[in-house]
Structures are given as C-alpha cells and as structure tokens.
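With the numbering used here as the guide, the letters of the sequence shown map in order to residues 1 to 457.
Keep in mind the hints are simulated off the structure, nothing from the lab.
A virtual CB, placed ideally from N, CA and C, is assigned to each residue, including glycine.
Where hints are given, some of them may not hold.
[Said to hold, decoys possible] The following label-pair restraints were derived from C-beta to C-beta distances:
1) Gly100 / Arg287: 37 to 47 Å
2) Ala404 / Ala192: 34 to 44 Å
3) Arg396 / Asn186: 25 to 35 Å
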Amino acid sequence: MNRVRIACGVLAGTLLVLAGAPPVAAQQFEQGWIDPRIISPAGLGPRYSGLLGAGVGLLSKKPRFGVSAGEFILQPRFFLESEYRSNFFRVDTREADPEGVVSLHVRPGVALFNPDYNDVAMSLGVDLDVFVPMGDERVADQLNLGGVARLAVALFPRSTFSVTLYETFERTLWMRPQVNVNANRNHNVIGADLSFHPGGRALDFTLGYAYELMRYDDIDRIDSDAHRLRLLASWRFYPLTYAFLESTLAFNSYTSEREADAEATGNLVPSSPLRVYAGLSGFVTERLALLLRVGYGNSFLDRGEDFSSFIGMAQASWRFSPRTILHVGIARDFEDAALGGYVEFVRPYIAFTQRFGELAELSVDFAYDIRSYGTWQPTPVEIGGEDLTPVATDARRSEGAIRAGFLLDFDLTRLFGATLGYRYDSVVSDYAIVTADQPSYVAFDDHRIFVSLNLRY
Numbered sequence: 001m002n003r004v005r006i007a008c009g010v011l012a013g014t015l016l017v018l019a020g021a022p023p024v025a026a027q028q029f030e031q032g033w034i035d036p037r038i039i040s041p042a043g044l045g046p047r048y049s050g051l052l053g054a055g056v057g058l059l060s061k062k063p064r065f066g067v068s069a070g071e072f073i074l075q076p077r078f079f080l081e082s083e084y085r086s087n088f089f090r091v092d093t094r095e096a097d098p099e100g101v102v103s104l105h106v107r108p109g110v111a112l113f114n115p116d117y118n119d120v121a122m123s124l125g126v127d128l129d130v131f132v133p134m135g136d137e138r139v140a141d142q143l144n145l146g147g148v149a150r151l152a153v154a155l156f157p158r159s160t161f162s163v164t165l166y167e168t169f170e171r172t173l174w175m176r177p178q179v180n181v182n183a184n185r186n187h188n189v190i191g192a193d194l195s196f197h198p199g200g201r202a203l204d205f206t207l208g209y210a211y212e213l214m215r216y217d218d219i220d221r222i223d224s225d226a227h228r229l230r231l232l233a234s235w236r237f238y239p240l241t242y243a244f245l246e247s248t249l250a251f252n253s254y255t256s257e258r259e260a261d262a263e264a265t266g267n268l269v270p271s272s273p274l275r276v277y278a279g280l281s282g283f284v285t286e287r288l289a290l291l292l293r294v295g296y297g298n299s300f301l302d303r304g305e306d307f308s309s310f311i312g313m314a315q316a317s318w319r320f321s322p323r324t325i326l327h328v329g330i331a332r333d334f335e336d337a338a339l340g341g342y343v344e345f346v347r348p349y350i351a352f353t354q355r356f357g358e359l360a361e362l363s364v365d366f367a368y369d370i371r372s373y374g375t376w377q378p379t380p381v382e383i384g385g386e387d388l389t390p391v392a393t394d395a396r397r398s399e400g401a402i403r404a405g406f407l408l409d410f411d412l413t414r415l416f417g418a419t420l421g422y423r424y425d426s427v428v429s430d431y432a433i434v435t436a437d438q439p440s441y442v443a444f445d446d447h448r449i450f451v452s453l454n455l456r457y
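Required output: the full structure, derived from the provided sequences and hints.
Shown next as structure tokens:
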C-alpha cells in the first residue's frame, strides 16, 4: 500500500507540474529571458525592450562600468539576494497550508562584449544562481544551482548581408509540488539568422533557424525537442518606425511519448504551430510609440482539436519625458501545452518606468492572463492491479493568472548598487486533478519580497 501511495504522489506531482506550469512565453517573462538576437531591424519589429519583450523602453546608455580589454568590455558582477516567499511550494489552501520560506540567491556573473563593433559583434553573458532555501529538510532539499549563459556573434552586422549565430542555455529551478519530484528545467536554444538589408538598411529580410531542447531533472515524461523556423521582413519608412511581416513555424515533439498517450486525448501531442503576423512598430509622434500586429495562428496538432484563430497584439507607449514611460497593451496568442495540446490566452497588461536622475529607476507592472486549454483525457494508469487513472474536474481547463510587482533599482556608486522588489504571482482556478481520491489543485497565491546587493566592476 505504501508503494501505491508513493506512486500516486509522484504521479500527482508530475501531473501537477504539467498542469501548473505557465506557458513558455509566461515563463520567459517571469524569468527575465532576453532574446540575444536583436541585431537587424527585422528583429526590432515585435521585439523592442519593455514588458513581455515588446515596447519602447527608456533610452539605452553606454555601459558605465567594466574593464576594457582591447575592443571588448569585461563586466564582472555579483548579486547577493535575500528573499521571502509566502508560498514556497505554490500550493492551494484547499490542499495544504502555504509555507513561508526565507532564501538566499548567490549570483556571480560576467559579461563580455564589444560595443564599437565593425565586422564582428559579440556578446557573452554567464550568470549562476546558487539557491539556498532555509527551513526544514523538505525545504532544504531544494538547494540547487541554476543560471543562464548566452552567446551571440554577428558577422558583418553593418553590411548588406549579415549572419548571427547564437546559443542560450538556461537552468530554471521550480519548487512545485511538495512530493519528491521537482520541476527543475534545462532549456537550450542554438540557432542562426541570415539577414539581408539593402537600400541603406531601410529594408530588412531575415531567415532564421533554431534547435531547442527542454530537459527536466525528475519529470522526463515532458522532455521535448523543437525545430523552429522564422521569416522576418521590415521596412523602415521613418527613422524610428517599421512596418513588418513575421512568420514562424515549429516542429515540436516529446521524447518519451508512449502508445498509451496517443490513445488518450491531449497527452504529449506533437505539433507544428504556425504563426503569421503583419504589423507596425515605432514612434508616431515624439512621445507616442505604437506596436500593432495582427495575424493567424494554428497549433497543427498531430491529433485532437487544433487552436485555429486570430492572434495579435496592440500596445501604446507614452514617453512623458526621457526618464518616464508608460506601456499599455493587450495580446492574444497560444502556446503548446503538455496536457491539452495547447493553451490560448488573452493578456492585458500595463507597465511604468521612472528613472530618478542617475540614482534610481522604478519599474511597476501588472499582467492578467485569461487562459483556456485544449481537451485533456488522462492516460490510464494501473499499479499492482489497482486502477489509479487520475480524473480531471473538467476536460477543458481554464484559469486566470496574475503577475504583478515593482522593482526599485539603486545605482549608488560605480561599483555598488542595491535592489528592492516585490512580486505577486497567482493562478485563479477551481481546476484539480484527483488521484486515489486525493485532489491536486493548480491554483495558488505567492507573495515574494526581495532585497539584493549588486556589485559590479
């Protein structure tokens, strides 16, 4: 019986990770993932800086710290962050009592790049995250190492034809659920972009390919591979305004798909998602910038019902002054999902940035997702002759998700800075997966308060 309970716990935990993980786009937003490929104007169209990787941020400045090494700048850095999380394991109160935990993040890192490039532009960044939670044995067992490494090399970036090669590896730590299964994820992307920009760079055409793999420490059931193609074209008809076309096609597969998964509905379904956009991005006045893109998306699942609908995005960015900017937007899109095949979402959001001289910068943001998943039927499970097939409370999961917070970054001296922040993450849903009469909910509320000391040279 103990073996059955342990198996049920692991199964429920795996399913909870599958069901509780946000879409990839949301994960990238939460983790601050930045695409290193912004070299050609075609990449600028839908990928300005700002919330969710789209918008017009504050004016960039040359780095004020670092060590010159020929044409390169070397930037060693060290962040020591203390945080308190009100719901460390992201549990729902109907299932267990949330546990508040104090943790440390030790983040050494280094960056290397050549800001005044000619024939070759290169950027390299490596940041480690030594995660040290403080608590009982169950909490302390989450001690682990995460981090991110990025490399991008652009050949002849100022020429009519350029090539960009890039590699990004990210290891993300996720403490959910409470059973002996974690969702620590290893994500690697390697690819290349070929860009052609004639006419004094007013026109730009980019063809790109990337190979992406996702590997989990404990839940290899959802390990996946993907081949991604994209075509971007833009026309700069004003100095800071682009019209663009964008098309992406991917071939996604799960490495451990079983025959039983194919017989059920919505389990680990291979797909070939297609997105086609047309849009406009840039300033329409000296203060107002718009990002508009409209298009069509189709999940093209190997089996089951597809997402096939309108996708798009609209964002207005108002620059009150060179130090103050407000973004307001809404997006509709879809992502692959291990359970259900896909998840579609509508995401209204708002973000505000204020810089206080050379001393500090304040960022505030709020985003709310309305998510709806494709149909999912659990794969049959039998252990010791006992039917332990999980039961979902609804064949089509739906939920709301809130991500909000603020970040106050102080630049105290050339060598020393400090950061104060707050994040709120929440999933609002009655959806649950029941295994052996034990429900596992996807809903949770988590408040995170953090303070960091930032050293750089």
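Hint check results:
1. Gly100 / Arg287: 37 to 47 Å: 43 Å, holds
2. Ala404 / Ala192: 34 to 44 Å: 37 Å, holds
3. Arg396 / Asn186: 25 to 35 Å: 30 Å, holds
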